[in-house]
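The lines below spell out each chain.
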Amino acid sequence: MANQDVLLKVEDLRLYFRTTKGVLRAVDGVSFELGADRAMVIVGESGCGKTSLARAILRLLPRNVHTYTGKVYLDGQEVMSLSDEQFRRQVRWVKMSFVPQAAMNALNPVIRVADQVAEPLLIHNRIKSKAEAKRRVEEALKLVGVPLDFMTRYAFELSGGMRQRVIIAMALVTSPVLVILDEPTSALDVLTQANIMNSLKRIRKELALTYILITHDISTSSELANESMVMYAGQLAERSHAGGFYKDPYHPYSRMLMASVPSLREDKELAFIPGKPPSLLNPPEGCRFAPRCPERFEMCDQDPPPFTLEDGRVVRCWLYRGRA
Amino acid sequence: MQRTNGKLLEIKDLHKWFELRKFGFIRIGFVRAVDGVTFDLGPKEALAFVGESGCGKSTLARTVLGLHQPTKGEVIFQGRALHKLGRWYRSQVGYVQQDPYGALPPFMTVQRILEEPLIINRVARTRAERLARVTEVLEEVRLTPVRDFLGKFPHMLSGGQQQRVVIARATVLRPKLIVADEPVSMLDASVRVEILKLLRELQEAHELGVIYITHDLSTIRYFSERIFVMYAAKFVEKAGVRELIHNPLHPYTQALLEAIPDPDPKNAETYKDVPPGEPPSLINPPEGCRFHPRCSRMIEGLCDVQVPPEFEPQPGHYVACWLYRDGEVPAADN
Numbered sequence: 001m002a003n004q005d006v007l008l009k010v011e012d013l014r015l016y017f018r019t020t021k022g023v024l025r026a027v028d029g030v031s032f033e034l035g036a037d038r039a040m041v042i043v044g045e046s047g048c049g050k051t052s053l054a055r056a057i058l059r060l061l062p063r064n065v066h067t068y069t070g071k072v073y074l075d076g077q078e079v080m081s082l083s084d085e086q087f088r089r090q091v092r093w094v095k096m097s098f099v100p101q102a103a104m105n106a107l108n109p110v111i112r113v114a115d116q117v118a119e120p121l122l123i124h125n126r127i128k129s130k131a132e133a134k135r136r137v138e139e140a141l142k143l144v145g146v147p148l149d150f151m152t153r154y155a156f157e158l159s160g161g162m163r164q165r166v167i168i169a170m171a172l173v174t175s176p177v178l179v180i181l182d183e184p185t186s187a188l189d190v191l192t193q194a195n196i197m198n199s200l201k202r203i204r205k206e207l208a209l210t211y212i213l214i215t216h217d218i219s220t221s222s223e224l225a226n227e228s229m230v231m232y233a234g235q236l237a238e239r240s241h242a243g244g245f246y247k248d249p250y251h252p253y254s255r256m257l258m259a260s261v262p263s264l265r266e267d268k269e270l271a272f273i274p275g276k277p278p279s280l281l282n283p284p285e286g287c288r289f290a291p292r293c294p295e296r297f298e299m300c301d302q303d304p305p306p307f308t309l310e311d312g313r314v315v316r317c318w319l320y321r322g323r324a
Numbered sequence: 001m002q003r004t005n006g007k008l009l010e011i012k013d014l015h016k017w018f019e020l021r022k023f024g025f026i027r028i029g030f031v032r033a034v035d036g037v038t039f040d041l042g043p044k045e046a047l048a049f050v051g052e053s054g055c056g057k058s059t060l061a062r063t064v065l066g067l068h069q070p071t072k073g074e075v076i077f078q079g080r081a082l083h084k085l086g087r088w089y090r091s092q093v094g095y096v097q098q099d100p101y102g103a104l105p106p107f108m109t110v111q112r113i114l115e116e117p118l119i120i121n122r123v124a125r126t127r128a129e130r131l132a133r134v135t136e137v138l139e140e141v142r143l144t145p146v147r148d149f150l151g152k153f154p155h156m157l158s159g160g161q162q163q164r165v166v167i168a169r170a171t172v173l174r175p176k177l178i179v180a181d182e183p184v185s186m187l188d189a190s191v192r193v194e195i196l197k198l199l200r201e202l203q204e205a206h207e208l209g210v211i212y213i214t215h216d217l218s219t220i221r222y223f224s225e226r227i228f229v230m231y232a233a234k235f236v237e238k239a240g241v242r243e244l245i246h247n248p249l250h251p252y253t254q255a256l257l258e259a260i261p262d263p264d265p266k267n268a269e270t271y272k273d274v275p276p277g278e279p280p281s282l283i284n285p286p287e288g289c290r291f292h293p294r295c296s297r298m299i300e301g302l303c304d305v306q307v308p309p310e311f312e313p314q315p316g317h318y319v320a321c322w323l324y325r326d327g328e329v330p331a332a333d334n
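Just so you know, the protein sequences line up as chains X and W, in that order. Numbering of the first sequence is given in the numbering used here, commencing with residue 1 and proceeding in unit increments. Numbering of the second sequence is given in the numbering used here, commencing with residue 1 and proceeding in unit increments.
Rather than coming from a laboratory, the hints here were simulated on the basis of the structure. Beta carbons: idealized from backbone N, C-alpha and C, even for Gly. Incorrect hints may have been included.
[What the hints assert, rightly or not] Covered, in the sense of this in silico footprint (three residues per stretch, anywhere, with C-beta under 8 angstroms from a C-beta of chain W), are these stretches of chain X:
| # | region |
| --- | --- |
| 1 | 224 to 236 |
| 2 | 254 to 263 |
[Said to hold, decoys possible] Pairs of lysine-lysine residues, derived as DSS-like cross-links and limited to a Cα-Cα distance of at most 30 angstroms, are as follows:
| # | chain 1 | residue 1 | chain 2 | residue 2 |
| --- | --- | --- | --- | --- |
| 3 | W | K272 | X | K268 |
| 4 | W | K44 | X | K201 |
| 5 | X | K276 | X | K201 |
| 6 | X | K21 | X | K276 |
| 7 | X | K268 | W | K44 |
Take the sequences, apply the hints, and build the full model.
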């Protein structure tokens with residue numbers, strides 16, 4: 001898994017927020033590697049730090065940041081040490097771009113579609129020629145399947161699916177190597193969702209892009225993923241290749257998450273995970289999943305390290321200590 | 001009330017059109033949100049409506065609840081027409097809304113929220129009686145210990161707990177019918193299953209008729225016996241859950257099922273065969289079958305001209321599609 005060219009390497013990334021109730025540990029020491037030309041899905045319940053991790057990688061931070069440490073290597077370059085201005089010029093949207101959550105409402109209502117899609121080109125790639133910008137906008141829109149006569153329309157004149165495609169075009173127009181998609185289809189109808197998933201798949205193959213897909217919809221995530229990562233309470237719980245994760249998840253949390261996925265075609269009894277995720281203000285001592293875990297034992301009072309197993313998968317659970 | 005011929009609810013050729021006006025008084029058209037819908041529901045039966053957003057399923061639900069006046073057609077509850085029932089009907093139906101936080105008044109405590117229907121309908125006259133009933137429903141929806149929840153305001157509860165309060169409110173008057181409009185779509189995946197199981201238990205315990213409205217086909221099989229598929233304000237297919245999932249007949253239903261993945265790593269290798277385009281506008285719906293512009297098996301000169309009636313190619317399995325006009329199931333083209 002890690003032997004191919006590593007495109008993104010994250011080491012001990014931490015992002016804590018200052019709140020009136022104390023320090024909130026949204027991302028608490030996450031490390032992983034992602035090969036070039038792979039698509040990794042990050043799953044977990046809401047509030048487990050998925051979106052914060054994406055924002056930490058992209059350095060799109062709110063004002064109340066308490067701690068922001070760790071190392072992020074992109075294409076071999078350490079980007080955490082860059083200044084904000086350098087990061088903006090060299091990395092964000094130039095090398096990695098972002099499709100935000102609720103993209104339905106992410107478009108500026110008073111700017112026409114073409115101008116909106118051109119914006120990252122003008123700001124991040126500093127393209128001066130209008131003709132050049134127009135050509136690249138057209139290319140990006142064609143790629144995602146937006147008819148070119150929509151270029152002069154406003155966001156409110158588009159359907160939800162089309163708006164989502166425009167947002168994806170904005171993320172692709174600067175030709176980045178890594179695209180982070182945060183719940184790209186969660187607000188859409190099933191047929192529209194399937195159409196957009198088809199487009200995302202095709203685009204990834206054509207452009208040899210690397211994706212990070214953040215979602216809580218495990219069924220749909222399997223459409224795109226060949227790598228997977230499960231997050232729980234700000235930490236990595238399991239990191240696997242997709243084949244292993246969907247067929248045989250290792251971490252007790254991943255297993256329960258998988259058992260709660262309703263299946264259309266199979267008859268299976270649905271399970272749910274009792275309790276709720278811990279507060280990130282005061283996470284429990286030891287393993288953070290232990291209070292909800294059916295398989296907990298004495299060792300779970302201590303925090304398990306991430307164990308790398310012989311098949312390359314990483315599991316943060318004491319049950320796997322013998323297989324590392 | 002024994003003139004019920006065994007049906008809890010009968011809907012006959014129901015239409016709900018909303019007027020579109022310009023400057024507030026010039027009528028420029030109609031949004032045909034529900035356009036000729038007929039079905040019935042037995043007592044103790046769970047029924048599901050499936051459709052994409054904007055297909056009219058919520059309007060249908062609200063019309064059934066008596067919140068909209070039907071433009072044409074009838075809603076018959078226990079053998080009596082809805083417009084003759086008056087306020088009594090409101091105590092016989094419960095409504096579980098989609099967004100629990102939006103559905104609960106933020107300035108009322110849980111106890112007050114659940115007492116309100118009892119006071120309005122003069123069900124439990126004394127404080128003690130009301131408290132007993134509220135405690136009972138809270139226990140049913142597993143908000144225990146009840147004492148901890150009575151004094152809480154909606155914002156102090158998690159999404160799943162809020163939805164439980166909404167369900168408790170819908171059942172506090174012991175209605176015969178519950179209409180649940182996307183009850184779990186705003187909730188986290190791990191909580192969804194819990195809420196669906198709870199609804200199912202309540203249905204069985206109180207012998208309720210339930211109409212479950214959703215866009216998510218994968219949760220239906222855990223809930224209802226029959227599925228009605230809705231497209232552009234009309235039903236296109238009606239069948240039992242198992243039958244519909246394993247033998248979908250309408251091309252739209254087939255596409256809908258095709259679009260829903262099971263978690264399987266092989267999905268990443270293949271493309272889905274889904275129709276392009278989007279559902280039509282309900283102001284000017286297409287002539288003939290409303291799905292024909294997106295349908296790969298469209299019959300020229302028939303599907304785009306005449307509205308397909310309901311055929312019954314298999315007993316109990318209804319489909320509004322010209323492919324089944326000879327009463328048998330044609331082989332797929334590919």
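Against the structure, the hints come out as follows:
1. 224 to 236: With 3 residues closer than 8 angstroms to chain W, the region 224 to 236 of chain X meets the three-residue bar; holds.
2. 254 to 263: Per the Cβ count (7), the hint holds.
3. K272/W with K268/X: 24 angstroms, holds
4. K44/W with K201/X: 44 angstroms, violated
5. K276/X with K201/X: 34 angstroms, violated
6. K21/X with K276/X: Satisfied, since the Cα-Cα distance of roughly 19 angstroms is no more than 30 angstroms.
7. K268/X with K44/W: 24 angstroms, holds
Hint check: violations occur at hints 4, 5; the rest are consistent with the structure.
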